[in-house]
Amino acid sequence: MWKYVLLVLAAGCSLGSLSTITKIGIARGFSVGELLAGQFIIGWLILLILLLHSKQKPNFKGAKYLLVGGTMFGCVSIFYTLAVSKLPAQLPYCFCFSSRGLD
Amino acid sequence: MYHKKWPDLKTLLSVSVLLIGTILASGIIGSEKLVYDPLGIMLGLISAICFAMYIFIMGKTSGEVPAVHKSFYMVTIAGVLVLITFSPESLLHGGLSFEWALFGFFLAILGNIFPVLFMAIGVPKVGASMGTILSSSELPAAVFLSAIVLHEAIYVAQWAGVLLILVGIMISQWERVGKNKMKKKAA
Chain G
1 MWKYVLLVLA
11 AGCSLGSLST
21 ITKIGIARGF
31 SVGELLAGQF
41 IIGWLILLIL
51 LLHSKQKPNF
61 KGAKYLLVGG
71 TMFGCVSIFY
81 TLAVSKLPAQ
91 LPYCFCFSSR
101 GLD
Chain C
1 MYHKKWPDLK
11 TLLSVSVLLI
21 GTILASGIIG
31 SEKLVYDPLG
41 IMLGLISAIC
51 FAMYIFIMGK
61 TSGEVPAVHK
71 SFYMVTIAGV
81 LVLITFSPES
91 LLHGGLSFEW
101 ALFGFFLAIL
111 GNIFPVLFMA
121 IGVPKVGASM
131 GTILSSSELP
141 AAVFLSAIVL
151 HEAIYVAQWA
161 GVLLILVGIM
171 ISQWERVGKN
181 KMKKKAA
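Line by line, the protein sequences are chains G and C.
Position one of the first sequence corresponds to residue 1 (the working numbering), numbered consecutively onward.
Position one of the second sequence corresponds to residue 1 (the working numbering), numbered consecutively onward.
Extracted from the complex, chain G is given alone in its bound form (with noise of 0.2 Å):
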């Protein structure tokens, strides 16, 4: 059971780190539309090879809540990406990053 309370632990660090990640893109110039799809081209890819990987076998029970869950995902992504670049008390401090950091 551990195991997969620290799973889901360590999905919500992800998704937490997230906003950084989105903030210094957001300050290197790219709209919200350009990181999103960049994140779901490539995340799409990543797991089509995962998919191709895995020796399992397709089942498509309960197939109707990946549907809605999918929906929901993609929902979290548009407005979560969309709130971190309306938020923008903290942005100066990306700019800040990105002129010292990253070049």
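Among these hints, one or two may not hold up.
What the hints assert, rightly or not - When the alpha-carbon atoms are kept at most 25 Å apart in a straight line, the in silico SDA-like pairs for lysine to any residue are as follows:
no.	chain 1	residue 1	chain 2	residue 2
1	G	86	C	53
2	G	61	C	64
3	C	125	C	76
4	C	60	G	60
5	C	60	G	44
6	G	57	C	113
7	G	3	C	163
8	G	64	C	53
9	G	86	C	99
10	C	60	G	5
11	G	3	C	124
Keep in mind the hints are simulated off the structure, nothing from the lab.
In this text, all values refer to a predicted model and were calculated from it rather than measured experimentally.
Go by the hints and put chain C onto chain G.
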């Protein structure tokens, strides 16, 4: 709520601690002036509601479907939705750069692969309500990273909020620790 069952005292306590912690960690209290865009806060709240529904639905999915397959189907649907919403045509006229791919790669790993895959594995096992509580580790992670990487000013109240969130998560897992210890003693 869905199961028409009143949550037990432990869950109630853990959720109240989490709520107070979240309000504190968000930095609404403690900053001298409210600097946040109300639209941004609205978007954040909508995103949080969608996220809770997403975890709830994850708890309903069948354990027989391999997690990689679940994740692939969901990211496919979500990706179509995202590309329809933003139609990033700038990508078609030379927006594709190495830097774009680099950002895309990190966002994909931390935004699509880890969370979706780990949730697909974990949430059906721990249950939807526990999944929601556990995934509140998101905010402490966000506060830590923005403090360390972006050098954002974090108020004392926010650190207190982070601490409360971690305490809330621990309360929710309290019984489980006890059970594990009992099992070890019995064995």
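Tell me, in ascending order, the numbers of any earlier hints that this structure violates.
Nothing - there is no hint that the structure violates, so all of them hold.
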